[in-house]
Amino acid sequence: MMSSITARYWREIPQRYRGEASKSKKTGKTYFPPRLVEPKNGNRQFEPVKLDYEGNLITYTVIRVAPAGFEDQGAYALGIVELPGGARITAQIADCPLSDVKIGMKVRVVFRKIRDEGHEGIHCYGYKVVPA
Amino acid sequence: MRDVAVIGVGMNKWGELWEKSLRDIFVEAALLAMDDASVDHIDSLYVGSMTPGLFIGQEHLGSLLADYLGQCPIPAARVESACASGGLAVRMGWMDVALGVSDIVLVGGVEKMLDVDGGAATYALATAADQEWECYNGATFPGLYAMIANAYQAKHNIPFDKFRKQLAQVAVKNHANGLLNPNAQFQSKVTPEQVMTSTMVADPLRLLDCSPITDGAAAAILCPLEMARAKFKKHSPVVIAASGAATDTLSLAHREDIAYLKATEVAAQHAYKMANMKPADIDFAEVHDCFTIAEICVIEALGFFEVGKGGDATLEGATALDGAKPINSSGGLKSKGHPVGATGVAQVVEVAHQLRGEAGKRQLQKARIGLTQNMGGSGGSTVVHIFKAV
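Here the protein sequences come in this chain order: A and B.
Be aware that the first sequence starts at 42, since it is given in the numbering used here, and climbs by one per residue.
Be aware that the second sequence starts at 9, since it is given in the numbering used here, and climbs by one per residue.
Some hints here could point you the wrong way.
Subject to a maximum C-alpha distance of 25 Å in a straight line, what follows is the list of computed BS3-like cross-link-like pairs (lysine-lysine) [claimed, not checked]:
id: 1; chain 1: B; residue 1: 163; chain 2: A; residue 2: 147
id: 2; chain 1: B; residue 1: 173; chain 2: B; residue 2: 333
id: 3; chain 1: B; residue 1: 197; chain 2: B; residue 2: 396
id: 4; chain 1: B; residue 1: 374; chain 2: A; residue 2: 143
id: 5; chain 1: A; residue 1: 147; chain 2: A; residue 2: 64
id: 6; chain 1: A; residue 1: 143; chain 2: B; residue 2: 396
id: 7; chain 1: B; residue 1: 281; chain 2: B; residue 2: 396
id: 8; chain 1: B; residue 1: 173; chain 2: B; residue 2: 163
id: 9; chain 1: B; residue 1: 170; chain 2: A; residue 2: 143
id: 10; chain 1: B; residue 1: 163; chain 2: A; residue 2: 70
id: 11; chain 1: B; residue 1: 163; chain 2: B; residue 2: 281
id: 12; chain 1: B; residue 1: 270; chain 2: B; residue 2: 286
id: 13; chain 1: B; residue 1: 197; chain 2: B; residue 2: 163
id: 14; chain 1: B; residue 1: 369; chain 2: B; residue 2: 163
id: 15; chain 1: B; residue 1: 333; chain 2: B; residue 2: 241
id: 16; chain 1: B; residue 1: 317; chain 2: A; residue 2: 143
id: 17; chain 1: A; residue 1: 64; chain 2: A; residue 2: 81
id: 18; chain 1: B; residue 1: 396; chain 2: B; residue 2: 374
id: 19; chain 1: A; residue 1: 143; chain 2: A; residue 2: 154
id: 20; chain 1: B; residue 1: 241; chain 2: A; residue 2: 81
id: 21; chain 1: B; residue 1: 317; chain 2: B; residue 2: 374
id: 22; chain 1: B; residue 1: 242; chain 2: B; residue 2: 369
id: 23; chain 1: B; residue 1: 333; chain 2: B; residue 2: 317
id: 24; chain 1: B; residue 1: 173; chain 2: B; residue 2: 286
id: 25; chain 1: B; residue 1: 281; chain 2: B; residue 2: 170
id: 26; chain 1: A; residue 1: 70; chain 2: B; residue 2: 197
id: 27; chain 1: A; residue 1: 81; chain 2: B; residue 2: 197
Don't read these hints as lab results, they were simulated from the structure.
Values in this document were obtained by computation on a predicted structure and should not be read as measured data.
From just these sequences and the hints, can you work out the full model?
Given below as structure tokens:
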């Protein structure tokens with residue numbers, strides 16, 4: 042596993058820690074991460090918004106064979122969540138027994154530690170979702 | 009544009025090729041293709057390879073492979089579109105010949121995946137997903153396809169037990185076909201029970217729902233159809249009737265419909281239009297079954313079966329060697345192996361063998377028009393080609 046590049050980690054803090062997104066001035070749709078061009082219509086006018094943190098789980102899985110950096114987290118649920126405004130995020134589903142995870146469940150985005158990185162065990166933070 | 013023919017194909021047995029290097033396996037396959045075509049030189053080279061930099065610490069493959077193939081100073085390029093790199097290399101070579109820039113072009117694919125351990129290979133493959141917004145949060149490739157599978161099952165409201173059997177049948181069929189392919193990595197039959205009780209990787213996908221990690225290469229020689237007819241008469245020519253390619257969002261989350269492979273539909277529609285054909289005209293196809301769910305979604309997006317009915321068609325035997333629409337007669341990625349950059353070119357090798365009537369024990373009865381579909385990442389890119397015996 043290549044370690045995260047310091048500048049890249051720092052650059053993504055506004056999204057990972059604070060859910061900073063962009064809202065199209067043309068369609069009103071929310072994009073996360075923010076984009077410079079809106080797909081299909083070419084719009085370049087956006088306003089910064091914060092993600093609305095309650096949404097629906099639209100699909101999920103349980104990762105049984107974890108990738109490097111996640112080995113100590115055992116089996117964990119990972120899903121795609123649709124938030125108001127149409128933004129979608131891929132996130133772990135925490136604080137929920139694996140057998141209770143269901144498509145359509147209401148979830149809320151929370152700030153969590155994602156993993157420890159490298160030999161130094163540096164904490165990497167971001168978002169997960171929990172049952173709402 | 010000139011019509012383009014495939015005049016030679018080559019691949020070696022795939023698997024865990026510890027004793028051979030990337031350049032060895034590529035040159036072996038390329039020489040087989042050149043010998044098959046009876047050519048001793050090529051005008052240009054396109055090689056599909058997803059990430060030799062991560063797998064063996066080597067970039068600049070165009071020069072390396074032109075050199076070891078004894079073909080310097082021809083122009084050469086590595087082509088990358090994750091697991092669709094091979095298919096895209098075929099498309100680049102087709103363009104080169106069709107546009108009249110080169111006459112004899114070698115299109116190849118290669119990946120040497122076993123020089124690194126499983127963790128490093130998993131990491132390298134995951135670079136085909138969105139590193140910042142999928143992998144950072146713990147996504148894996150089986151995990152992404154598992155989310156497609158669960159979304160598909162929910163969308164089409166298929167009872168889980170039935171869905172589980174549909175997935176298993178893809179693996180059972182492709183292993184049965186691979187048993188008849190001497191070049192396949194796995195020469196082993198699997199039963200539905202074995203698939204459905206194998207180790208869970210990412211629910212609902214189990215180990216035997218996943219294609220393996222493989223070392224391998226494949227190659228094909230292209231030239232103008234007119235030249236094939238005049239100079240290369242060893243085989244009856246196989247013509248490239250169409251080439252189509254399309255992209256979709258890299259992140260699965262951003263697809264309009266997570267349970268549908270839109271890029272595959274778009275690439276196929278371009279190809280059908282170019283060939284002036286419809287899905288019913290295709291006799292057989294080699295498709296990208298990196299996971300069992302992928303084959304079900306792909307055969308629907310190609311228009312072979314109604315959306316939501318690909319699993320039923322598979323269970324009913326429609327995609328078997330003796331079915332109405334044989335899919336992956338080679339064994340597919342599942343059984344033949346999946347050296348990512350080589351996969352799209354190996355599909356062409358199988359189609360050429362079938363169209364020429366040289367597929368041995370797995371020869372299809374009706375093989376006049378064949379299609380290949382090669383897909384990158386979780387469906388973010390797709391390349392489709394249609395081939396015709398003329």
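Cross-check of the supplied hints:
no.	hint	verdict
1	B:163 to A:147	holds, 18 Å
2	B:173 to B:333	holds, 20 Å
3	B:197 to B:396	violated, 31 Å
4	B:374 to A:143	violated, 45 Å
5	A:147 to A:64	holds, 23 Å
6	A:143 to B:396	violated, 46 Å
7	B:281 to B:396	holds, 15 Å
8	B:173 to B:163	holds, 17 Å
9	B:170 to A:143	holds, 19 Å
10	B:163 to A:70	holds, 24 Å
11	B:163 to B:281	violated, 29 Å
12	B:270 to B:286	holds, 17 Å
13	B:197 to B:163	violated, 32 Å
14	B:369 to B:163	violated, 39 Å
15	B:333 to B:241	violated, 30 Å
16	B:317 to A:143	holds, 24 Å
17	A:64 to A:81	holds, 15 Å
18	B:396 to B:374	holds, 12 Å
19	A:143 to A:154	holds, 23 Å
20	B:241 to A:81	violated, 48 Å
21	B:317 to B:374	holds, 23 Å
22	B:242 to B:369	holds, 22 Å
23	B:333 to B:317	holds, 14 Å
24	B:173 to B:286	violated, 29 Å
25	B:281 to B:170	violated, 35 Å
26	A:70 to B:197	violated, 50 Å
27	A:81 to B:197	violated, 46 Å
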